[in-house]
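Number of protein chains: 6
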Amino acid sequence: MQRIALRRMLEQFYMEDIGSGDLSAQLMSDVGERQAVIHAKQSGIVAGMDIIREAFALLDQEIRVSLLKKDGDAVTQGETLAILTGKASTLLTGERVVLNLLQRMSGIATATRQAIETLNDSSIRVCDTRKTTPGLRMLEKYAVTAGGGYNHRFGLYDGIMIKDNHIAAEGSITAAVAKARQQMGHMVKIEVEIEDEEQLHEAIAADADIIMFDNCGPETVRRFAQITPPHIITEASGGINMQTLADYAGTGVHYLSLGFLTHSVTSLDISMDIRFADELGPTSER
Amino acid sequence: MQRIALRRMLEQFYMEDIGSGDLSAQLMSDVGERQAVIHAKQSGIVAGMDIIREAFALLDQEIRVSLLKKDGDAVTQGETLAILTGKASTLLTGERVVLNLLQRMSGIATATRQAIETLNDSSIRVCDTRKTTPGLRMLEKYAVTAGGGYNHRFGLYDGIMIKDNHIAAEGSITAAVAKARQQMGHMVKIEVEIEDEEQLHEAIAADADIIMFDNCGPETVRRFAQITPPHIITEASGGINMQTLADYAGTGVHYLSLGFLTHSVTSLDISMDIRFADELGPTSER
Amino acid sequence: MQRIALRRMLEQFYMEDIGSGDLSAQLMSDVGERQAVIHAKQSGIVAGMDIIREAFALLDQEIRVSLLKKDGDAVTQGETLAILTGKASTLLTGERVVLNLLQRMSGIATATRQAIETLNDSSIRVCDTRKTTPGLRMLEKYAVTAGGGYNHRFGLYDGIMIKDNHIAAEGSITAAVAKARQQMGHMVKIEVEIEDEEQLHEAIAADADIIMFDNCGPETVRRFAQITPPHIITEASGGINMQTLADYAGTGVHYLSLGFLTHSVTSLDISMDIRFADELGPTSER
Amino acid sequence: MQRIALRRMLEQFYMEDIGSGDLSAQLMSDVGERQAVIHAKQSGIVAGMDIIREAFALLDQEIRVSLLKKDGDAVTQGETLAILTGKASTLLTGERVVLNLLQRMSGIATATRQAIETLNDSSIRVCDTRKTTPGLRMLEKYAVTAGGGYNHRFGLYDGIMIKDNHIAAEGSITAAVAKARQQMGHMVKIEVEIEDEEQLHEAIAADADIIMFDNCGPETVRRFAQITPPHIITEASGGINMQTLADYAGTGVHYLSLGFLTHSVTSLDISMDIRFADELGPTSER
Amino acid sequence: MQRIALRRMLEQFYMEDIGSGDLSAQLMSDVGERQAVIHAKQSGIVAGMDIIREAFALLDQEIRVSLLKKDGDAVTQGETLAILTGKASTLLTGERVVLNLLQRMSGIATATRQAIETLNDSSIRVCDTRKTTPGLRMLEKYAVTAGGGYNHRFGLYDGIMIKDNHIAAEGSITAAVAKARQQMGHMVKIEVEIEDEEQLHEAIAADADIIMFDNCGPETVRRFAQITPPHIITEASGGINMQTLADYAGTGVHYLSLGFLTHSVTSLDISMDIRFADELGPTSER
Amino acid sequence: MQRIALRRMLEQFYMEDIGSGDLSAQLMSDVGERQAVIHAKQSGIVAGMDIIREAFALLDQEIRVSLLKKDGDAVTQGETLAILTGKASTLLTGERVVLNLLQRMSGIATATRQAIETLNDSSIRVCDTRKTTPGLRMLEKYAVTAGGGYNHRFGLYDGIMIKDNHIAAEGSITAAVAKARQQMGHMVKIEVEIEDEEQLHEAIAADADIIMFDNCGPETVRRFAQITPPHIITEASGGINMQTLADYAGTGVHYLSLGFLTHSVTSLDISMDIRFADELGPTSER
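Chains as they are written, first to last, in the working numbering: chain E, 1023 to 1308; chain G, 1023 to 1308; chain Y, 1023 to 1308; chain V, 1023 to 1308; chain P, 1023 to 1308; chain H, 1023 to 1308.
No lab work stands behind these hints, which were simulated from the structure alone.
These numbers come from a predicted model, not from an experiment.
Treat the hints with care, since some could be wrong.
Put simply, identical chains are the same to the list, so a pair is met inside one copy or across any two.
DSS-like mimics (lysine-lysine), calculated; alpha carbons at most 27 Å apart, straight line [said to hold, decoys possible]:
| no. | residue 1 | residue 2 |
| --- | --- | --- |
| 1 | K1063 | K1201 |
| 2 | K1201 | K1092 |
| 3 | K1091 | K1109 |
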């Protein structure tokens, strides 16, 4: 992950949570060093481990962080992800932001992995959309890759999507693609969203880089994928959920883009326990 | 909602999505004015309507926005939430950030309303936690209230929570509450998290403002609520989900704080369609 | 103090003072290491000692800082607060921002301590208001606590104050408090500002958490405090200054909130001297 | 005042005060338009009137502001400074930041005017120092000019001050001034701080642009001013307060720089009252 | 251009130039409205016209701006680009930032147009690089398109460039491209930089999207372009300047990327004159 | 250079270039440590060496930087400026921003040195203008001094320039200078721009600190410089370029301000090569 961007985000998130100060931490007598153990309370895929280190470093450079898992690792309930050692009050102050991010990102990675397994067709790639949480796109798209998925464009700035309104404005897919080729440089991919076979043929003739089958059921996707020449990448999107995903196996489409990976996240349950030094027996073996 | 904060957030979110420019919008021929209709594709509770106006105003002050619903309104599938009129390319550029926020906030409002209805005990209030999406706390906590719920503290800065680690550090609940009373001003509420009856009695004796029953089942909650004198507010938290919620009806506790309202959001499906001027007949009736 | 917030403030303050560069420091030949001694030129209470370390760390991580006093300590004229060692030009560049903050915060802490001593009634707490310098609220409220005072709410976001305009809008204190109880969660304290005995009785009946006697003289405060039941916290505010403060001793009110602590600050005179290494004899004894 | 800078400051100050939202304003029923009257509760010089308009415009562009005084005007107790008309809750939300700034700036302008009158020698100018509140330098230096004073340098970036440490590093005043002339461009003034007559003669010989007599009493200032040739500007600083100021009349020095104008501010008492429409009779005559 | 980003940049640039205030403008008596005429003192291509309107709107919403040229227009010496009407002091305060940007962007557009004309081969596109001025990439890349050129990738985030170090790390071009295809989603173009024919054949076999001939002379470029199959885009870069550009005509390469367009800019001479109202006769004809 | 400002700028520039992440670096297998050698591909004057250390420290605190040249040093083609050791992918990610700044600043330093040598009159100083790249003024003005030139004012805030519009507004140069002296403090220099001899005499009589001869040829400059008494600093500006510069030698003017130093920069060609450890033989000798 991009560290300058990550540091800025974490600073902003701590400003949101701590504001003018952690009142409860101010109360707390200094009780020396503690160990905080971050562990999974649910099985899943973890994502965002680097955040633990960067986040606590912003609060207190004396906190020592030992990461026992890496992004993309499958963890089972009860497994330890990381051990932190340092001042007890800082561990408590920093906990919530770290868990909120880690749980959310791991939830996305877990859903992505689950989608891939549900689909069960390694020739089809699962990817994300722009339906991410505003402010967290970098983190959420990273979590999709940690789960084994792929990233669609990051924003409006790094790829062309020609949709119905663009087609209407230019008069035809042919005209819209020609205009894009005429105006855009060679680093920009041009994707056309189509809704029916007539549009598909037009998009193929226009030689779009990518054709997206919008809101087509699995059978139509299969047929459209067969019609499309192999040098054009195909993508299906719209109305695909964890229940219908398996129906797209074997359709031959290259990509399935799934909004639910990021717009409706179920956090992975991860928590942090703080222990006294003399309770650390088992941990010290790790 | 706080407008200066909202404007800053929206600016940041558009910077994330548009970056150096909307490549697809740059392609688009100017086709005059269009109407964009934002409508619900699912029934639920809407939240975040003001965002529509503020967001598009950042992009283009010529966009006219007509809001047909207000926050907290129940909408049914197909209902129109807002109508926007303006330059087609701006409507397309601004769409995603607005929908991402509106769907997420309406998802939270809907879940909150559903929780309240599931609980079906108007003497118990449903409230949120600090398990919100980093960067969106103001918006997510607002969405909880739009759904009929209440806000717990906003951050570490506006309320004291005395938990196990604080108790351990000070030696006892009694000592921890006394210290809080000694150090904190009169605008700060002091909440104590307890896990068993012994702790409950100690918290009552210490005269905490609020006592939270942590991870206790409904029967324990009922018993603890009866034990606690009426001038102390009671709260149950931990392990309560949409399935177990109804079990807490009639327990007499004052608040149930529910992390899932914000940590695991299912977006409400809301979309935006753009229409040509001559398609606008039926809209004008609304 | 919240370190992320503090660092951001210090960065902003140095940008204001140094701008595109310290012209005088650029002139200066490198003369090796120097010691800078920060000492009090007046007796008082110090506040803001951590700022010394954080501020110079932003400019040059080689500066070594030794703090000889801690926040809340009483110092007498001539006493050394801190000794810094490092590059002479950096010590000069960093001096003014540190002293401006330290003097101002120590001025507030000193005034707070003086107010407490003047009042001479340990059953009454002295607290601040929102009449702080814009941009410095966190620091100024911290300084009040360093002087032995208490913090009223930090902003409009962490406590309810029902004043005349709210009462007029809702029709009565009773209605306004009921509405606040209805809409606000359990972490929010509700304070009602009253001006006469009729209002006091209404506020008591409404069971406000805190009742503030606005602009009442000491005799009225004493009478109102006696009328108010003990479970409601009382506060007097308005028109109390260092001259009239002692008159409130023995009134039985719980809090006196004093705007002058922060709106009219007399800095504590603190200065920094830079010495050559061979002049350091007496310092090494400290 | 620089409007972009002012707007940024006001945004920051409102974020500090309002945070995630004004809880009390959220409670308030909409009661239609109100008038808010800002008036002086004390006689003095006002400064910062433009802030009223800019600040409320950030919160609500429907607020109408009518300014009855301009910066530098003398006001007497009870005089109205401005009348605002708009939504009652916005008027309440915006009040504190505006008053905190206006009171502080007017306090500085008033102290400046008072210093000038106390000095009672129109041939000597009163100016400020860098002992301003961090974050508010632009506003506080502006307030000094509103009171009739002058600005010393704005920061370390727009003028050279050669002090004892610079002299020690370069070996002599002569060497330090020569180096400054050699290295600095023609837009930079070079001021030398001197402590005794020997240094004064050296600074004159070095042809400093400005010579500052540091911590010299009035008699010494008079003598040094006579010694200094007229084309060199003279300044006295250090240890001058409202009590000793008059002693410097007739000394012939050009500038007195007074740290207390900004480091120890007594706010001018200014308040805002909100009135119902039918109470507005007398106001409409103004 | 992206308006939110542009506004943020302009705010930053005015903060840099105006700082705490325009001293000269503060001096100036109010002389009523003036017209400012921005005109070319040199022939060339203009770029950045929208900046004029956005920039002055930040300073004063009363300034009226009439744009007589649009981006990409060729202008000749003496032609008027825009006429502004408003307060004289604001026109002066805002002038320098606007001209600095307009001159620089027009210089880039002019150089781009000149490069295209010098090359004189409409089958080859001229594009930019990442050798832009830090902080101005959006504006400079926009200026290249205004001059008729194309944009290469905007940053490290929106396209893959496989260079010698990547090849060395992965062992071969084949391995590096395969890894990129394996890890990257379908919106990302993969460009391989090659230095000799052996590498070219490997890049073709690996089916790179784009092959860049690095530092090859025109003859080698011609040969490599012939070897490369037509579905792969070719680009030449390195060591091409205005003198050697024409040698690349007819080579059959698709793109020439030219660092000098942005790393070594000669501003187009544009200036602003302010006139009194009675001098405005001839302008009204324009 | 001011380090806090520099760090903020570098963070912004890396955000611009890296955005959500360096896609090519993400691909790259970890190949252990590498050395990156920054060397000149052209002779010239270097400026901005400190940027190398600060920039890479933002990305990775493990990068070790050894600087072999210092700002203002003349380098010849092929000379090594700095050697960096660290993770290969970080070296690649950080390269472009550093080179873009270093090349541009060294281009400015080189042009400045060349201007001084072309002028060949050590009694005349070469200085810059406000025609700098928006956002980079601090860096570009620093580069001018590294090349041996001087800085004119940094912005509108640190010096008065009385130009034709100010003169027209006040009625005369005499009135404008008198007003400036009346209103401005003693740290502000007052420069008057004149166009003919009549204005020159008026500016001399008004005792301006600096008189600028605007757009006068060398003969006029010589004559005006002789007329002006020696205690007033003289400056010539307007229409002076590398071709006409030598004509101003011997004119007796004190300063020549040259817009082209910063508005039309030719970068100095500097590049960075990354080497394997076993290729490091010759470097280790340095």
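How the hints compare with the structure:
1. In this homomeric assembly, K1063 and K1201 never come within 27 Å of each other (Cα to Cα): the closest approach is 53 Å inside a single copy and 33 Å across copies.
2. Only between protomers do K1201 and K1092 lie at most 27 Å apart by alpha-carbon distance; the minimum there is 20 Å, versus 45 Å within a single protomer.
3. Proximity of K1091 and K1109 under a CA criterion of 27 Å is satisfied in both settings, with 23 Å inside one chain copy and 22 Å between copies.
In this structure, only the earlier hint numbered 1 is contradicted, and the remaining ones agree with it.
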